[in-house]
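Line by line, the protein sequences are chains H and E.
Just so you know, we're using my numbering here: the first sequence kicks off at 1 and counts up by one.
Just so you know, we're using my numbering here: the second sequence kicks off at 1 and counts up by one.
Worth flagging that the hints you see were computed from the coordinates, not collected in a lab.
Don't take each hint at face value.
Note: identical chains are not told apart, hence a pair may lie in one copy or across any two.
[Unchecked claim] Pairs of lysine to any residue residues, derived as SDA-like cross-links and limited to a Cα-Cα distance of at most 25 Å, are as follows:
hint, residue 1, residue 2
1, K369, S218
2, K401, L370
3, K268, P348
4, K268, T425
5, K435, T469
6, K369, A169
Since the model is a prediction, treat every value here as computed from it, not as a measurement.
There are 2 protein chains.
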Amino acid sequence: MHGLMQDWPLTVDKILDHAATWHHGREVVTRSVEGPIVRTTWGGIHERAKRLSNALLGFGIQPGDRVATLAWNSGRHIEAWYAIMGIGAVCHTLNPRLFADQLCYIINHAQDRIIFADVTFLPFLVENRERLPSVERIILFADADQTAAAGLPGALSSETLIDTHAADAVWGGFDEKTACGLCYTSGTTGNPKGVLYSHRSNFIHTLSTLQSDVMGLSINDTVLAVVPMFHANAWGLTFSCPAVGARLVMPGAKMDGASIHELLETEKVTFSAAVPTVWQMLLAHMRETKGTLTTLKRVVIGGSAVPEAIIRAFHDDYGVEVVHAWGMTETSPLGTLSTPTPEISALPFDDQMPFKLKQGRPPLGMQLKLTDDAGNPQPRDGMAFGRLKVRGPYVAGSYFKGDGGEILDEEGYFDTGDVATIDHTGFMQITDRAKDVIKSGGEWISSIEIENIAAGHPKALLAAVIGVTHPKWDERPLLLVKLKEGETGTAAEFLGFLDGKIAKWWMPDDVVFVDDIPLGATGKIDKKLIRQRFEGYLLPSATARRI
Amino acid sequence: MHGLMQDWPLTVDKILDHAATWHHGREVVTRSVEGPIVRTTWGGIHERAKRLSNALLGFGIQPGDRVATLAWNSGRHIEAWYAIMGIGAVCHTLNPRLFADQLCYIINHAQDRIIFADVTFLPFLVENRERLPSVERIILFADADQTAAAGLPGALSSETLIDTHAADAVWGGFDEKTACGLCYTSGTTGNPKGVLYSHRSNFIHTLSTLQSDVMGLSINDTVLAVVPMFHANAWGLTFSCPAVGARLVMPGAKMDGASIHELLETEKVTFSAAVPTVWQMLLAHMRETKGTLTTLKRVVIGGSAVPEAIIRAFHDDYGVEVVHAWGMTETSPLGTLSTPTPEISALPFDDQMPFKLKQGRPPLGMQLKLTDDAGNPQPRDGMAFGRLKVRGPYVAGSYFKGDGGEILDEEGYFDTGDVATIDHTGFMQITDRAKDVIKSGGEWISSIEIENIAAGHPKALLAAVIGVTHPKWDERPLLLVKLKEGETGTAAEFLGFLDGKIAKWWMPDDVVFVDDIPLGATGKIDKKLIRQRFEGYLLPSATARRI
């Protein structure tokens, strides 16, 4: 027997409708790619998005068609999003930080029919236009004059389209499972794979993140969305801010410390979200300039593990609370947050730190499982490593076009590819990527934990740890160190530095000093390449045993 | 094209699963109907609910079967809820404040197969057992000894059932639209009608209420749920508290000022929700005893309009924030809340008051429409009256068994039966029930507003205003006054009291002093009966015009 409540599909066009109806005059502020600050409102964005929808319909865009955006965070970018999603087309966010070849692969794989783009990305578009046969039109976020001057034949001006279309486009009216957004994972192995969000998944993710213990945004917040819209939907902020009528500030192309600090202060920002690098730049800038943070209360930091120094600086020097979060493109993205429990809040700040350094606990709707390679559940003792698997209404069930095949286990969980622990308070901590974890005698050793400690050695510039084949233990850790300019070091020095900070059996079997530790496109250490370089490397311990 | 996210039905069993996994040890505290405080945890409730589910399965309860509860707020009541809902049966909450005839009607209409009941309600059950043919079993929230002593042949002990069944019942696995709960409206006209909630509607309502600007509950909250579970799902608290791991305190049968104050203080409650009467009793008790509120931060008040005196007393004397809310059984129930916008927060407290006295704004997912009788939208000027209509994923689409027929308008909105205004800031205010509003010369006059002011006259004990037929204006207001013991009054005195407080054309055409103003079962003025009594009443103004 079914309940008798109304049939009200959870489609994201209703989020912007709600904002236009109840938060009409609330501001959306953008540092435009041209430089000046521009201001609009949720009501203004709604009207312009409706006009753009009519333009897309005029171009024959059908439900399910992919329309891409190649743009920084801006009010215009939000307008394009809702214009696309509102009519049932799929908004494909392109990551401009990828190499041109990867971008072309992704655009062709998605068969994007239209690309909305910032003028910033004209060089890529001019150079690669011929390689993108599915793309019928390119719409620049620009006025007619800028577009004419762009040097891209056939390019259209978004402002002209908005001026020449009516705001009467009809949104919604389709099934809530309708595809809504497409975002490719960066793909450290193999080709990038597309995560195809539905209206339902985005809507539920929005409500979930709005809980007090998650993002907890309020109509009283002014939010600086540093995390890009092409990075897993700006962690949902372009949905959650209009949902509650938060004032939204968009940084455009400028994410350096000075630019971010200026926006935080002049726009009286109360909440922000970004990866650690952004905050490192901000904190460095503020130390140099003796800057202050007069309105900021809370920052959510994710994308990679948050260093203790960032948490301390925000807390001690600026009175800002850091919430450490974990998620991925496949989880929409919010998976867990380090929001303290009452027991943890009651501790002195220093004793809270071990929990703040973890990625935290999941909200309702995100199920976590920790298993060994055989699929057996691991204990929640904060010690046992396991593969982290997740299930929920905003977790990917498969990739676009079936790439990657069946990605769920027999219980419907998605394997994140991360290795983690969960402690008795429920705090999860990512300890490694599954492909980087070192399997020694049936136990797992975290390559990341060792290299993070080693990188803290005063002489080290970078450190990397990989597993190297070992006749008895299967694998043993090898530490690679790139020393700072002019420094010299010894293996004993580094092993001594690690001594007492990691378990005895985690101690690397060898230390190699290298001139170069390769980094991938996203700035992370490219361990795949390092493993290739050190394939067949003979550890002293392995040699010893052979003799 | 559909998105490719996981299929994860929104069923409420997952809420308690989540609580048991991540908030296992968080307390649920009950003032038992026997008197003593009893303590359990979300983990404990989960396990006992699973055992009870097995008992229900053993009794042959099938998906869709109705199982009723006749009980005060308690941990045991929550266990029964999830035991019923988890296996796809329908939890039918009975309101013990109804008359026996109404209760029997509702139980028979719902065809309840089992009733869970507090021993408090044995008199009703013993007396009416024979009138409830669909009821196969009655399970008392009691141990074996109490049950044996209850004097109700065949009654079962919930504790015995829990002791004798395993905790391995399988929950969920059904469509999220599956019926989950049933609650009858009090039905001032005609028979009570059943609202049949779905798992989906309850789950989405839960997430919606958890937003910061709605209930905003956190793992750091201790919640006193005074509002009964039979009163529109305790406004969702028995879902939202386990969802976030809030500590929950249940008052059992005692809702007097002293009992509520004791729980607030001894259990260190931070958040509570109840109707105005409960708070009036609490505030009166605290004034008498010079009591304090040391932990309470926020109360949500709804069910009827909140008097200014309550808001002021909480704010001025105890530093507690009052959030005025509106909703109904048909809206799950949260419809709107008076959470201030930044513009209102910036005002001095006295200037905020007009907004605090309104029922407020809707969260995402609740659409409001204000129309005249012809269905035309009314302006949002804070002046124009309109019928309040609502649409959303947790609003009723029809009543159980089709009672009441088609209840949605052509746009899918449910007519709340309330008359309201919406001002330019979006704050909605209920001004009357649609059937009580007075239609004078094509304009609407609020009967409630006039009678509330008149009731404030020092000589008045009660006041009521109804519309009386008028040859020129269709209807004109008639004021009925019941004077305090020993008082005498004149029409001129009361009209003079109203002068300047209401619009000239709202001024009642006559004042009648009566010995009795009839009240209905829920304590509200029975205007239907008054209208019957005054049918054909000739207003002086009508007579004058006839001459």
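Against the structure, the hints come out as follows:
In this assembly of identical chains, the alpha carbons of K369 and S218 lie at most 25 Å apart only when taken from different copies (24 Å versus 31 Å within one copy). In this assembly of identical chains, the alpha carbons of K401 and L370 never lie at most 25 Å apart, being 28 Å within a copy and 46 Å across copies at closest. Taking the closest pair of Cα atoms, K268 and P348 come within 25 Å of each other only across two copies (21 Å); inside a single copy the shortest separation is 30 Å, beyond that limit. Taking CA atoms no more than 25 Å apart as the test, K268 paired with T425 passes between copies only; the shortest distance there is 22 Å, against 35 Å inside one copy.
Within a single copy, K435 and T469 get their C-alpha atoms as close as 14 Å, which meets the 25 Å cut-off; across copies the closest is 82 Å, which misses it. In the homo-oligomer, the alpha carbons of K369 and A169 lie at most 25 Å apart only across protomers (21 Å), although the nearest pairing inside one protomer, at 44 Å, exceeds that limit.
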